[in-house]
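Quick mapping for you: the protein sequence lines, in order, are chains Z and X. Quick note: to get the numbering used here, add 1 to the position in the first sequence (first position is 1). Heads up: the second sequence at position 161 corresponds to 160 in the numbering used here, and the numbers run straight through without jumps.
Hints are not guaranteed to be accurate.
[As the list claims (entries may be wrong)] Listed next, the stretches of chain X that the computed footprint assigns to chain Z, with coverage defined by at least 3 CB atoms under 8 Å from CB atoms of chain Z:
id, region
1, 306-319
2, 340-352
3, 373-380
[Stated by the list, open to error] Computed far set for chain X versus chain Z, every beta-carbon distance over 10 Å:
id, residue
4, I18
5, A53
6, D59
7, Q89
8, F115
9, N138
10, V188
11, D231
12, K232
13, A235
14, A302
15, E303
16, S331
What the hints contain is simulated information worked out from the structure, not anything from laboratory work. Quantities reported herein were computed from a predicted structural model and do not represent experimental measurements. Glycine residues also receive a C-beta, built at the ideal position from the N, C-alpha and C atoms.
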Amino acid sequence: MSNTWAYSDTVKEHFFNPKNVLYEDESLFAHNARGMSGNIICGDQMLMLLQIENDIIEDIRWKTYGCASAIASTSMLSEVAKGMNIFDAFKITPAEVADKLGGLPPNKFHCSVMGDEALQAAINDYLAKTNRKPLKIVKKVAKNSCAGKDTK
Amino acid sequence: MKKVYLDYAASAPVRNEVIWEMQRAFYDYGNPSSLHASGRKAKARIDKARAEVAGLIGADSTEITFTSGGTEANNMVLNTMWGLIYRKSQRNEIIVSAIEHPSILEMAKFLENLGFTIHYLPVDKSGRVKYAELEKLLNSKTFLVSVMLANNEIGTLQDVVKITTLAHKNGALVHTDVSQALGKIPIDVEKLGVDYMTMSAHKIGGPKGVGALYVRSGAPLTSLILGGHQEDKLRAGTENMVSIVGFGVAATLASRYMPKYNKEIRQYRDKLRDFIVNNIDNVAVNTPANALPNILNVSFAAAEGESILLALDSKGIEVSTGSACASGNIRSSHVLMAIGADPELAHGSIRFSLGPDTTEAEIDYVIAKLPPIIEKLRKMSTVQPARHSGHVPESNELHGSRNKSGMTAQKATKHE
């Protein structure tokens with residue numbers, strides 16, 4: 002059965018007290034951008050909802066189905082992205098999120114990758130809505146049995 | 000903080016009597032192979048433990064070989080097969096159930112790579128091997144059938160007598176891993192009729208790092224570890240005497256605790272199961288009716304296993320999950336996949352396993368702490384159980400409770 006969760010105290014804090022998480026239905030958070038990544042067959046799925054004004058992320062909410070590090074990574078990412086210009090937020094790397102969490106076990110690193118893909122998808126959703134060209138999302142998830150089955 | 004240990008199937012707390020006897024055994028420092036008094040004293044301790052372990056399964060002492068644990072014992076049996084095949088036998092096929100422990104499945108894979116034919120015996124929805132399939136697979140080339148008596152993840156019990164009867168009719172040998180079943184239900188090697196049986200000490204309150212293999216008198220066995228005459232030349236290396244002594248004491252205690260399993264422990268397990276089924280929606284009970292009395296495996300829709308486990312851990316409740324989120328995706332348990340569980344539900348599986356020290360108050364504590372944990376994780380989940388949709392409950396083994404998940408994933412935004 003499952004093993005290895007040498008999680009940092011920061012990961013634990015974000016897992017037990019996630020920031021900006023949306024416990025209610027997404028219709029209850031006013032947003033003008035929405036992005037999703039991952040899929041539940043593979044086991045992790047993230048949803049990002051943004052309230053953007055003048056290209057600044059004014060507010061953010063998320064939902065995650067996944068393990069503790071997936072929940073903590075999405076929580077930390079939401080903290081980092083809040084208040085950022087969308088073009089800067091688009092460039093947040095999984096490594097930055099993992100660093101801010103005090104590191105993630107190597108086999109859990111993919112969890113933070115999924116969160117930023119949801120954020121990027123949300124930003125592109127906003128760019129499309131404002132008649133601008135979407136930015137290129139570089140898929141970073143390593144090849145695995147679930148590759149190619151992303152929610153699209 | 001209150002601690003409720005419900006992971007006995009992973010490892011049971013070492014009994015005090017075991018620790019005390021092991022402490023005394025440390026003073027008998029002689030090498031059991033030495034002929035002098037100190038050596039003989041150490042040897043006598045091993046002989047006593049061997050009789051105690053043999054007694055628990057109705058075997059003769061001479062049929063017990065001590066190993067470093069269940070894994071080594073399982074490896075040893077399969078390893079024997081290829082050694083023998085190379086030497087003389089025409090039989091080069093092995094049948095293993097699809098829900099065996101990795102120490103069988105990975106050894107089978109190893110043999111497969113060497114050119115042997117491995118048949119993976121499928122199981123039904125309750126985890127029982129398909130006996131009709133077994134009959135079809137058995138033939139004059141079958142060397143061995145290996146099916147565990149009780150499954151470690153969901154607790155399913157197999158009809159080993161039936162398996163032995165079918166296999167022996169075809170001249171095949173039979174191995175069963177009883178690591179989980181030992182001490183929980185009566186086991187008699189004569190009644191089961193098996194040729195090999197794997198046992199582990201730390202699942203019955205003994206120390207880790209010691210196990211045993213029962214080998215029916217006359218059944219072939221090749222040594223996995225070479226370089227000494229110990230264990231009747233079947234397992235080289237100076238014996239792990241102190242741990243073996245601990246195993247012996249644990250075996251003796253196990254027969255004393257066994258009646259509890261079919262009474263209190265079963266009652267507490269059923270109480271927890273009934274509470275979950277009646278109070279938390281969108282759950283699937285993976286443990287069938289015909290299972291060990293101390294195991295309860297449940298899947299919670301829309302909540303992931305590791306998250307549930309860590310949230311329970313924060314309340315002092317210790318359990319296992321079949322979900323292992325690692326390197327790119329969550330691998331679902333091969334056992335849950337083999338019984339045809341919904342892969343999405345399988346990610347949210349939790350195994351509660353009870354033992355002789357479990358109390359009703361502990362189960363009540365779990366009952367109080369579990370629902371808010373599941374509720375919180377579901378509220379933050381992208382997956383929403385379809386609470387009010389007309390999902391069709393499947394026929395099931397336990398109280399009509401094995402629901403279809405009825406989950407719906409939220410759709411991702413489409414970019415035009």
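Taking the hints in turn, this is what the structure says about them:
no.: 1; hint: 306-319; in the structure: holds (count 6)
no.: 2; hint: 340-352; in the structure: holds (count 4)
no.: 3; hint: 373-380; in the structure: holds (count 4)
no.: 4; hint: I18; in the structure: holds, 26 Å
no.: 5; hint: A53; in the structure: holds, 30 Å
no.: 6; hint: D59; in the structure: holds, 35 Å
no.: 7; hint: Q89; in the structure: holds, 38 Å
no.: 8; hint: F115; in the structure: holds, 26 Å
no.: 9; hint: N138; in the structure: holds, 33 Å
no.: 10; hint: V188; in the structure: holds, 28 Å
no.: 11; hint: D231; in the structure: holds, 35 Å
no.: 12; hint: K232; in the structure: holds, 36 Å
no.: 13; hint: A235; in the structure: holds, 30 Å
no.: 14; hint: A302; in the structure: violated, 8 Å
no.: 15; hint: E303; in the structure: violated, 5 Å
no.: 16; hint: S331; in the structure: violated, 8 Å
Checked against the numbered hints given earlier, this structure breaks hints 14, 15, 16; the rest are met.
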